[in-house]
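**Student:** The listed protein sequences correspond, in order, to chains C and U.
Here the first sequence is numbered in the numbering used here, starting from 1 and rising by one per residue.
Here the second sequence is numbered in the numbering used here, starting from 1 and rising by one per residue.
Hints listed in this document are in silico derivations from the structure and should not be mistaken for laboratory results.
Take these hints with a grain of salt, some might be off.
[What the hints assert, rightly or not] No farther apart than 30 Å at their CA atoms in a straight line, the calculated lysine-lysine pairs in the BS3-like style are these:
{"#": "1", "chain 1": "C", "residue 1": "Lys160", "chain 2": "U", "residue 2": "Lys176"}
{"#": "2", "chain 1": "C", "residue 1": "Lys164", "chain 2": "U", "residue 2": "Lys517"}
{"#": "3", "chain 1": "C", "residue 1": "Lys454", "chain 2": "C", "residue 2": "Lys371"}
{"#": "4", "chain 1": "C", "residue 1": "Lys192", "chain 2": "U", "residue 2": "Lys568"}
{"#": "5", "chain 1": "U", "residue 1": "Lys526", "chain 2": "U", "residue 2": "Lys168"}
[Said to hold, decoys possible] Chain C residues, not near chain U, derived (Cβ > 12 Å throughout):
{"#": "6", "residue": "Leu177"}
{"#": "7", "residue": "Val474"}
{"#": "8", "residue": "Ala519"}
Keep in mind that this is a model prediction, so the values were computed, not measured.
In this text, a Cβ means the ideal position worked out from N, Cα and C, and glycines have one as well.
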Amino acid sequence: MNHLLSILLVLPVLGALTTALLPRGEDRLAKGVGLFFSGLAFLVSLPLATAFEAGRAGMQFEERHAWIDRFGIGYHVGVDGLSVWLVLLATFLTPLCIWGAWRAIDHRSREFVVSMLLLETGMIGALVALDLVLFFTFWEVMLVPMALIIGIWGSEQRVKAAIKFFLYTMVGSALMLAAIVYLAVVHYQVTKGTLSFDLADLDRVVLPPDVQALCFWAFVASFAIKVPLFPVHTWLPDAHTQAPTPGSVILAGVLLKLGTYGFIRFAMPLFPGAAAEAAQLLAILAIVGIVYGALVAYAQSDVKRLVAYSSVSHMGFVVLGIVGMTTQGLTGATYQSLAHGLTTGALFLCIGVLYERRHTRALDAFGGVAKVMPIFTAVFMIAMLGSAGLPGLVGFVGEFLIMVGTFSGSAHVLNDPPLLVLVAATGVILGAVYLLHMFQRVMFGPITHPENEKLRDLSLREQLVFAPILALIVLMGVYPKPFLETIDPSAQALAAHFTHKRCASVALARSGASRAALADDFAEACTDPMAVIRAVYGDERAPQVSGFGPAPRQEGPRAP
Amino acid sequence: MTHAPFVADTMASATLQDLGHLAPMAIVGLWGLLLMATDAFAAVGFRHFQRRIALFGLALAFVAGLTIYGNADYDGGVEVFRGFLVVDPFSAILDLVLVGLCAGTVLVAGDYARTHRFEYGEQESLLCIATFGAMMVGHAHDLLALFLGIETMSISVYVLVGARWNAKPSAEAALKYFLMGAFASAILLMGIALLYGATGATAFEGIRGGVAEAFTRWLRINDLARALDQGHTASPAASDLVIQGVAKAALLIPGVLLVLGALLFKVSAVPMHMWTPDAYEGAPTPVTAFMASVVKVAGVAALLRLFVATFSTHRLVTAPYGWTTAVALVAFLTMTVGNLAAVRQSNVKRLLAYSSIAHVGYLLLGVVAAANFYGEAFASDATLGGDGLSWSRDAGDTAVASVLLYIVVYAVASLGAFVTVAWLSGNKHEALEAYQWSGLARRHPGMALGMTVCLLSLMGLPPMAGFFGKLFLFRAVFENSNPWLQFLVVWALLNAVVGAYYYLRLVVAMYFHTPPKTAPVVLPGKGAPAVVAVTAGLSVALGVLMQPTLDRADLAARAFNYPPGPSKARRVDGLRAAWEARDPTPPVAAEEPSPGT
Chain C
1 MNHLLSILLV LPVLGALTTA LLPRGEDRLA KGVGLFFSGL AFLVSLPLAT AFEAGRAGMQ
61 FEERHAWIDR FGIGYHVGVD GLSVWLVLLA TFLTPLCIWG AWRAIDHRSR EFVVSMLLLE
121 TGMIGALVAL DLVLFFTFWE VMLVPMALII GIWGSEQRVK AAIKFFLYTM VGSALMLAAI
181 VYLAVVHYQV TKGTLSFDLA DLDRVVLPPD VQALCFWAFV ASFAIKVPLF PVHTWLPDAH
241 TQAPTPGSVI LAGVLLKLGT YGFIRFAMPL FPGAAAEAAQ LLAILAIVGI VYGALVAYAQ
301 SDVKRLVAYS SVSHMGFVVL GIVGMTTQGL TGATYQSLAH GLTTGALFLC IGVLYERRHT
361 RALDAFGGVA KVMPIFTAVF MIAMLGSAGL PGLVGFVGEF LIMVGTFSGS AHVLNDPPLL
421 VLVAATGVIL GAVYLLHMFQ RVMFGPITHP ENEKLRDLSL REQLVFAPIL ALIVLMGVYP
481 KPFLETIDPS AQALAAHFTH KRCASVALAR SGASRAALAD DFAEACTDPM AVIRAVYGDE
541 RAPQVSGFGP APRQEGPRAP
Chain U
1 MTHAPFVADT MASATLQDLG HLAPMAIVGL WGLLLMATDA FAAVGFRHFQ RRIALFGLAL
61 AFVAGLTIYG NADYDGGVEV FRGFLVVDPF SAILDLVLVG LCAGTVLVAG DYARTHRFEY
121 GEQESLLCIA TFGAMMVGHA HDLLALFLGI ETMSISVYVL VGARWNAKPS AEAALKYFLM
181 GAFASAILLM GIALLYGATG ATAFEGIRGG VAEAFTRWLR INDLARALDQ GHTASPAASD
241 LVIQGVAKAA LLIPGVLLVL GALLFKVSAV PMHMWTPDAY EGAPTPVTAF MASVVKVAGV
301 AALLRLFVAT FSTHRLVTAP YGWTTAVALV AFLTMTVGNL AAVRQSNVKR LLAYSSIAHV
361 GYLLLGVVAA ANFYGEAFAS DATLGGDGLS WSRDAGDTAV ASVLLYIVVY AVASLGAFVT
421 VAWLSGNKHE ALEAYQWSGL ARRHPGMALG MTVCLLSLMG LPPMAGFFGK LFLFRAVFEN
481 SNPWLQFLVV WALLNAVVGA YYYLRLVVAM YFHTPPKTAP VVLPGKGAPA VVAVTAGLSV
541 ALGVLMQPTL DRADLAARAF NYPPGPSKAR RVDGLRAAWE ARDPTPPVAA EEPSPGT
């Protein structure tokens, strides 16, 4: 099964090629072929869940080939606990999206299916790539099909939204590409002539403080836009609102996770010193996003926009869990990614159901829907409660773990973790407020619009689309153990690695060297990394202006 | 004439042998003349006559180019016509690329001229002669060869630009291009004259030596001046030295700068870019495609041959006499102005013209990086590995390979884009506004896809070849420890985002907008679709299968600033040996039998 990931990458492309060769106008056939190939990809991906060795931290299903050997660019893929479930989420949601779009997409279905399948390859590729050029390639490959999906099948303002989405992402990735190339060049110089873009190789490089900060922020520019983190979130409501239902589902379900995944896999471990310095700021931005997203969501009159802003809020939690760099935080962030993918995906599908029937997304246009669509009401309620983080459903586990992890502050990165958690927790309450508010206005009350009296309830196809998602929402809420068991070791290893490399960064900065070095050079200095970090930062972590570690203090250390 | 007959015989056979080395270029030149002659016999009803002959000749040249391309005998560079030209892996790649680009133009030019009613028999001939000139630039090993090549190419292109006699913009463009081009040529010639005065040579090798000597003299004058300051009296010998030294040094730097200015004009770098949008817009579109591909390749080849390989001594790339700082500044301006101006264009041809200027900006960064590395290689330098391989020289070679790769990838995608523009002009009017492209993806999905792939490659989106071109180019620049150059890379990447915006506008029009009621009329014939299919295919294939492409570019750039000869051959052979040791299946070309010499 060593080629599993490669097969998974090739299958959707094969499907896309097959679909592209179909005659024009065969809409149902095109969707059928798309469903077949994406369903096949899901079945092929199942061994990732069953054959994955829980309790092992390293990469599994690893595969490595030379690609552009001249510059050390390789085809290197693999999954660990932090990515394996996201891959499954992608393969799980794609066929459901195509199936769910059976009626919603009524023109140019062939192109739609091709876009969806190419998007699937891009998403899986970005999740499994362990070479930075390979990762960047897939990262950009996602861009074009997603822009097409928004721009061709979206609502009125679709073209503007598509261009906005494309350009926002391009700006971020341009900076990230510069950082990637720079890192590879430094690696080449530090190792005296080894060219490589492999993550494991580049991870050995420790950059001096100022450059490390620049590179970190270049990566953050790309990932924060994708997440989206608070000040750069403005593309998301447009993209979500204008995108067709399957586009929104994939966008919320998987694409946003790639941003947080990028933080976990690349930005944090590659530049730990800078990441630790920036953590407080990022945490504050995340919390602002949590509260702001929730408040703005409450004010929306467009259902889809409401859910889009709820994404800003929920993804803020994920970022908060990551920047603390604690084991529980990372585990929780990964789990919350999955939870958000499932619940928001389900919510967007629900809105799609309403939109298909009423061709409007305005909250005012509904009311009393529960009377005519009882099954739909139940489905919507479970998705909504899952999103709100009701204990027993999937959303609770992740949020809880994130708050526990942040509160413990064991990685010694954040200042005043209890305060951060306190503010973030209000986001949970606000989340319940706007979601219940939406639910009430759509479902309950008298039927004010006569059109709503004749709404069809969910068809069998729609029920079948929702069933697996709802099952997972409940299952993962009641019994998260098998999932957490696979995520936890990788999270633990990552947190340890982060601390270790952060110590190396600090040691490098304190040695006064202005050149990069290899992490191995600091193995002796960092036998007890936490002690070194404490020695530099004091018991309380204080952010610094330049370099890593505090400037010499005027007065003695403050009392803890 | 007192030559004995046998001397003439050996000379003749030497000439023939040299022509054999230059087979692709010779065939293209010969075909240019042949086409002039066959034009007289081309019957009016026999429309594809000239095109078929031209394509046959280009195919012949391509095959001839292939035999040289893979041949290890040329690794060290073979000087022909007494060092006037050189045949080496670099020129071999350029020969193939230029012949291919010319064939792409020939496939479309005839259909276009017929549709727009300015058909004339010399078109194919002029295209071949212009390509011959471009190939000569690639082979140039002497300032005069460089000049001859550039002039042969430019004069043919002036005619091609103005050939559309029934449209005013064409004549205007031709006049503008011709006047400015003539000035640039004059400046180039003046620079060459100064360089000859300063160094006493026109061959590149001689110039290299002359440059070093001029600087040595100049330093000795400085010493002398210091001695005079301290009250020593000047001897007659010393004043001789001053006169000789000052004269030479005073000619050298202006000569370098004049030649630089002329070449920057030819590649349309800011601020010598003013002619580009007008000439590109007014010219018949296939000729625009030719200018954006063949002429650009030749211009960059000239920069590489003369500036990167020859004017890259330590003193010429470092302050206060260095030209690289100026070119870095030009690169900054070129990419910024090109991109910002392109954003404002509504005319597709002008948009692509400005975007071609922007690409030159990126390329110039690579040129600067390569020259800087070679300059360092002359100063103290760390060695890399056990075989005494100099780090800087190796980095310089890599940078040259990256520039070569980028220009080829750019030229291919650019040809495809312009040919699509030409193809969309079937009813005597050209579809030059973005709205005329609306909904093209529904009417002609294949062509829209081809155009999109070419545009994405120009945009630098992976996995298209353009992305890897940018990646390697910027990697090479990053390797320079100069923080300003590193900043310029980040700037260039942000520029690429601006580029993405205006390329995207066309893609958006093609895919997102509803098609107009009347279908666009397109060129008859299969020529344009074939060219677009090939260029789009190459734009993807070169990206995904980058390693073999890079191997060839590496070979061409290996020991780029070495003079032709055994030491260069040794280093290039070393690369071949390394490949064969690394890879169980060595590059096919390395095993091909050498042609009879």
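**Student:** So, for every hint listed, does it hold in this structure?
**Tutor:** We went through each hint and held it up to the structure:
At roughly 39 Å between alpha-carbon atoms, Lys160 of chain C and Lys176 of chain U are farther apart than 30 Å, so this suggested pair is violated. For a cut-off of 30 Å, the pair hint linking Lys164 of chain C to Lys517 of chain U stands: about 29 Å separates their Cα positions. Pair hint Lys454 of chain C plus Lys371 of chain C holds up; C-alpha atoms about 10 Å apart against a cutoff of 30 Å. Annotation: proposed proximity of Lys192 of chain C to Lys568 of chain U holds, straight-line Cα distance about 24 Å (limit 30 Å).
Straight-line distance between C-alpha atoms of Lys526 of chain U and Lys168 of chain U comes to about 29 Å, which keeps the hinted pair within the 30 Å bound. Annotated as non-interface, Leu177 of chain C brings its C-beta within 12 Å of a C-beta of chain U; the closest such distance is 6 Å. Taking the minimum C-beta to C-beta distance to chain U, about 40 Å, the non-interface status of Val474 of chain C holds against the 12 Å cut. The claim that Ala519 of chain C is not at the interface with chain U holds, since no C-beta of that chain comes within 12 Å of its own (minimum 21 Å).
Violated hints, listed in ascending order, are 1, 6; each of the other numbered hints is respected by the structure.
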